[in-house]
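Number of protein chains: 2
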Amino acid sequence: MAGGEPSEQDAAKSVAKEKRVMSSEVVDSNPYSRLMALKRMGIVDNYERIRDYSVAIVGVGGVGSVAAEMLTRCGIGRLLLYDYDTVELANMNRLFFQPHQAGMTKTDAAVQTLTGINPDVVLESYTQNITTVEGFNKFMGSLTRNMKGERLDGKSGVDLVLSCVDNYEARMVVNQVQSQPCMQAYDLFFRRPAMNLVKPGWNQVVASGIDEKTLKREGVCAASLPTTMGIIAGLLVQNTLKYLLGFGVVSKYLGYSALKDFFPTMEMKPNPQCTNNSCLQRQREFEATKPARDAAAKAEAERLAAEEALAATVSLHEENEWNICLMDDEEPKDVRERVPDIPSSSGNLPEGLFRELPDSEVLDKSVISSESFVDAEGDLEDLQRQLEALNSF
Amino acid sequence: MAGGEPSEQDAAKSVAKEKRVMSSEVVDSNPYSRLMALKRMGIVDNYERIRDYSVAIVGVGGVGSVAAEMLTRCGIGRLLLYDYDTVELANMNRLFFQPHQAGMTKTDAAVQTLTGINPDVVLESYTQNITTVEGFNKFMGSLTRNMKGERLDGKSGVDLVLSCVDNYEARMVVNQVQSQPCMQAYDLFFRRPAMNLVKPGWNQVVASGIDEKTLKREGVCAASLPTTMGIIAGLLVQNTLKYLLGFGVVSKYLGYSALKDFFPTMEMKPNPQCTNNSCLQRQREFEATKPARDAAAKAEAERLAAEEALAATVSLHEENEWNICLMDDEEPKDVRERVPDIPSSSGNLPEGLFRELPDSEVLDKSVISSESFVDAEGDLEDLQRQLEALNSF
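Residue numbers (full-length UniProt numbering), protein chains in the order written: chain L, 1 to 393; chain W, 1 to 393.
So here's chain L without its partners, still in its complex pose (with noise of 0.2 Å):
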């Protein structure tokens, strides 16, 4: 699929092939059973609605490559990856790329690798460099066609675009598409967001800090680490869930300053006095539809603090971060049994208190039960019941 875009029939045919059951079945065989539970633990409500959703990846570098891995892994319907630089052995202190693959390009080896993951996912493989512009028109045309490979006559196909370009005409270039909401990733080299020309509702995630002195530069090769692109490529991925599964507060602005560990948030605002016409007239829409979003976010707020307070209630053992063991008259046996090769009292504490704990020397000498704590907490799944009903309303 690699030399420009792929032809309708292409894309409709990498469509067509028979997908895996989304199945929530819980066996070792099934690639699906960890993403599913998060609907029985009632953080997403209808997890399969993720093979809906296209994602475009602009720039499958440091960023974009593991962002591409995470959504596949995820099993999200459709990636479209933009690139066209080549693998090299000096990217290999990144995750993703694997020196055999040095000389392929890197959208070419990342289809190749994520098909091998997931089978599932159509990807499609851009190999253009989006700054020129036949690159741009071939960017914008391959946006207007939907998963099955149709043409939408100017109307978006992609539900987001993932921003992971390493400079700052990329980054420029992305901005000019207006016809659908954009994740920007920051990566170590460029740090000023682009606030003439940001949308309204985009969000960024800001990687600093470490690599702050780091500048792109004919001849100068700039520093990165694996852990850093990892984490922002985390942060943008787990925002994307967010935002297409509709859980959880979606960021605006989050930076990741690597030196002390400090992440700053955000509100990022629209420029009115942008120069692009095309940002302007989203600025109006946005603004338009202010009272819906409003409304959502305050259900939302409610919701997630309707959560918190039956999670307080509820998971008095769950969340007993001290270690800390109530001595009720109904329970000491119960509670006992947690650990079943404890003394039942322990001579140097003081009274009414016992460890939970085996001391080092019972811990060394026995070999320990691999199913000495799992019976612990209340009925899971009455405590879920509580919660869809109440996440329900």
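These aren't lab readings, by the way, just hints derived from the structure by calculation. Since we're looking at a predicted model, the values are computed, not measured. We treat Cβ as the ideally placed atom computed from N, Cα and C, and that holds for glycine. Be a bit skeptical, because a hint or two may be false.
[To be verified] Per label pair, the in silico range of CB-to-CB distance: (1) W:306 / L:154: 51 to 57 Å; (2) W:260 / L:85: 34 to 40 Å; (3) L:85 / W:146: 40 to 46 Å; (4) W:311 / L:134: 38 to 44 Å; (5) W:45 / L:134: 42 to 48 Å; (6) L:19 / W:155: 52 to 58 Å; (7) L:268 / W:134: 52 to 58 Å; (8) L:103 / W:306: 42 to 48 Å.
Once you have looked at the hints, place chain W on chain L.
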């Protein structure tokens, strides 16, 4: 190397292989160029030191496997990997393992992948359950060999233990290791820091939030995401690099609440009433070295403050996040040269202001030169020299 600890001959053989030179040459074929750039940038004094370090990773699952890959790509000297589990398709919702590895032990699959990524890293695979008496003894024995495979007669041959296990028993067993520092990644199932066995100086990276209602129970499948696991692995290895290579601030405790992108930090104190005698001994030793540590921490804080002050002084354009241009009498020509294809004045802007970016019409029509923005900044070499001089006090 599967099925227990490697013999001393095996270990010696694996280290005898020729490692590639850790070069800072900026060429595409150099896998270390972007790591060694951390030295040139003044962030790490001596990056090559990473080859002297041995890190043990206990638990090669959603967090441990990604941590292993990150350290491998960073060129760590030696990794010791412990797990008794096999790869299943149900693990494909997290990074690292591939479907074709299903059925392999996690340690063998990890060694296979990591060797391909960076053959310079010495990898030791321990396929064993450390919570059995036999497994624990082997585990402790393996920690007393150095990188050449030589026994150290009880002294530790490992610089750091990363605890990436998913159950309480294993975490308690890792807590028994008193001979070297350890960082713990609390996975999503387990949220109670084991305060009564935490050793002085231990560091914690904790995930919570999105899966806080998750429990590990027989027949119940716990939810997890590649995002949360990847972020935790990234934070853990970032902290590891800071600890081993001596840069930035090493976090004592860092949490991640995924639903709200909240990252709580705190200091953790050892328990003076701990039942583990070895822990109490370490507490006394740690207390004795407090003055030296305080002095080092103060010096590091001062170094960072000085570095920041310098960065603030020299980075007028690098740090200009809001694209504000000061019109100095001496500078207008220079500033305007930054974007050659912008008109020198814009009719609809107040006097004295001009656009740094082309407006959308210009951008649509022109092919953007990929070199337009790269020469804008000051003399990097000069700034680096200043910074290095400052760092060397």
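Those earlier numbered hints the structure runs against, lowest number first:
none
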